[in-house]
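Protein chains: 2
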Amino acid sequence: MDNLYTALVHFPVVNKRQKPIGAALTTIDLHDIARASITFGVRGFYVITPYQDQADLAEQVIGHWTRGEGARLNPSRKQALELIRVTDTFETAVQQIQAEQNQPVVTIATSAQKHKKTISTHALKRKLVPDRSYVLIFGTAWGLADELMEMCDLRLDPIKGTGDYNHLSVRSAASIYLDRLING
Amino acid sequence: MDNLYTALVHFPVVNKRQKPIGAALTTIDLHDIARASITFGVRGFYVITPYQDQADLAEQVIGHWTRGEGARLNPSRKQALELIRVTDTFETAVQQIQAEQNQPVVTIATSAQKHKKTISTHALKRKLVPDRSYVLIFGTAWGLADELMEMCDLRLDPIKGTGDYNHLSVRSAASIYLDRLING
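Here the protein sequences come in this chain order: A and B.
Numbering-wise, the working numbering puts 89 at position 89 of the first sequence, and it's gapless, one number per residue.
Quick note, the working numbering runs 184 ahead of the 1-based positions in the second sequence.
No lab work stands behind these hints: they were computed from the structure.
A virtual CB, placed ideally from N, CA and C, is assigned to each residue, including glycine.
Any given hint could turn out to be false.
[What the hints assert, rightly or not] If you anchor each label on the Cβ, the simulated ranges turn out as follows:
1. T27(A) x K203(B): 22 to 30 Å
2. R126(A) x H306(B): 30 to 38 Å
3. P130(A) x D237(B): 49 to 57 Å
4. Q244(B) x K127(A): 43 to 51 Å
5. K127(A) x G252(B): 26 to 34 Å
6. D53(A) x A283(B): 36 to 44 Å
[Said to hold, decoys possible] Covered by chain A, according to a simulated footprint, are these stretches of chain B (three or more residues, beta-carbon under 8 Å):
7. 207-218
8. 231-244
9. 260-269
Only chain A is shown next, with the shape it has when bound in the complex (with noise of 0.2 Å):
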């Protein structure tokens, strides 16, 4: 598929007590979440920070790997990084997908807790068509807040493991969805 895209969120997301709160960036999750990413076909790595200089760090970042020394010590990097695109809000990003594709965005939430209307990655699969683009999103902090979770049009199952633990990181569940989808 060369529709699927995905989005990492710092706005808005919550805290450990489910307050509405914007995160700061981690560098590690945009190296990370971009090497899942070009590994599984993704066409397009959305980072979406509403903060001018969590904006100008993540772009220091992706200038260092993709033009700078780490693209010429590190030509994987540079691939992987050269996906990412950074945004103020999630809305831009569904626009830029839509512009880029000509074709509805259809939105998927992921979360750690259970939400109502969940669906599997195996059912997400099994409705994906061509004529669609599909950007994964993914939560920093204590997750999605839930009026962005209630805006996608899909919600996908949370990751279970054989216990009631529920804290991976982004980058781990970000990696997880990424290989049920295309491989499961």
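Given chain A, put chain B in place with the hints provided.
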């Protein structure tokens, strides 16, 4: 299963020219792989480094999150990092697992490279028996050295995406292998 272990090897691994090296610790590996390990029911997560300063660094991180301020701030992180055991060699880790479970240990290497005689995670799952312990082994840097790969009882297929890109982070790879083993 309560007989599954993970191990993150810093020596012997290879650099990007496939030369054997010892790699430095990356502290986020400890967090992410501990969180994935506890999610998927792993009994213990071995961090293996022959370098005393790196072992000390690992113990500082573990101490902060399991007994220090971090433990108070984030109990779920405490729970994950309590899985970690630091050893100087892979052989020591295997001996400790054998002593803990009092049964033979099956060593399972992972790699992003193609190797002879690898098996799928699905095939591994069918082989699992309760009277053996299993340790899934992940390499830092550019992956496990051949001498270690060849010592292992089993080798898993590389994680394949949609193309040839095979540079997932070890954090992503460990998460995906564990999800495949438990949920696949």
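The hints, checked one at a time:
1. Between T27(A) and K203(B) the beta carbons are some 28 Å apart, a value that agrees with the proposed interval 22 to 30 Å.
2. At roughly 20 Å, the beta carbons of R126(A) and H306(B) sit outside the given window of 30 to 38 Å.
3. Between P130(A) and D237(B) the Cβ separation comes to about 54 Å, which falls inside the hinted range of 49 to 57 Å.
4. In this structure the hint that Q244(B) and K127(A) lie 43 to 51 Å apart at CB holds, the actual value being about 47 Å.
5. Under the hint 26 to 34 Å, the C-beta atoms of K127(A) and G252(B), about 47 Å apart, miss the expected range.
6. Checked against the hint of 36 to 44 Å, the pair D53(A) and A283(B) fails, with Cβ atoms roughly 51 Å apart.
7. Coverage of a stretch by a chain is defined here by at least three residues with a beta carbon nearer than 8 Å to that chain's beta carbons; for the segment 207-218 of chain B and chain A the count is 3, and the condition holds.
8. With a cut-off of 8 Å between beta carbons, the segment 231-244 of chain B has 0 residues touching chain A; three or more are needed, and the interface restraint is violated.
9. Closer than 8 Å: that is the beta-carbon criterion, and the segment 260-269 of chain B has 4 residues meeting it against chain A, so the requirement of 3 holds.
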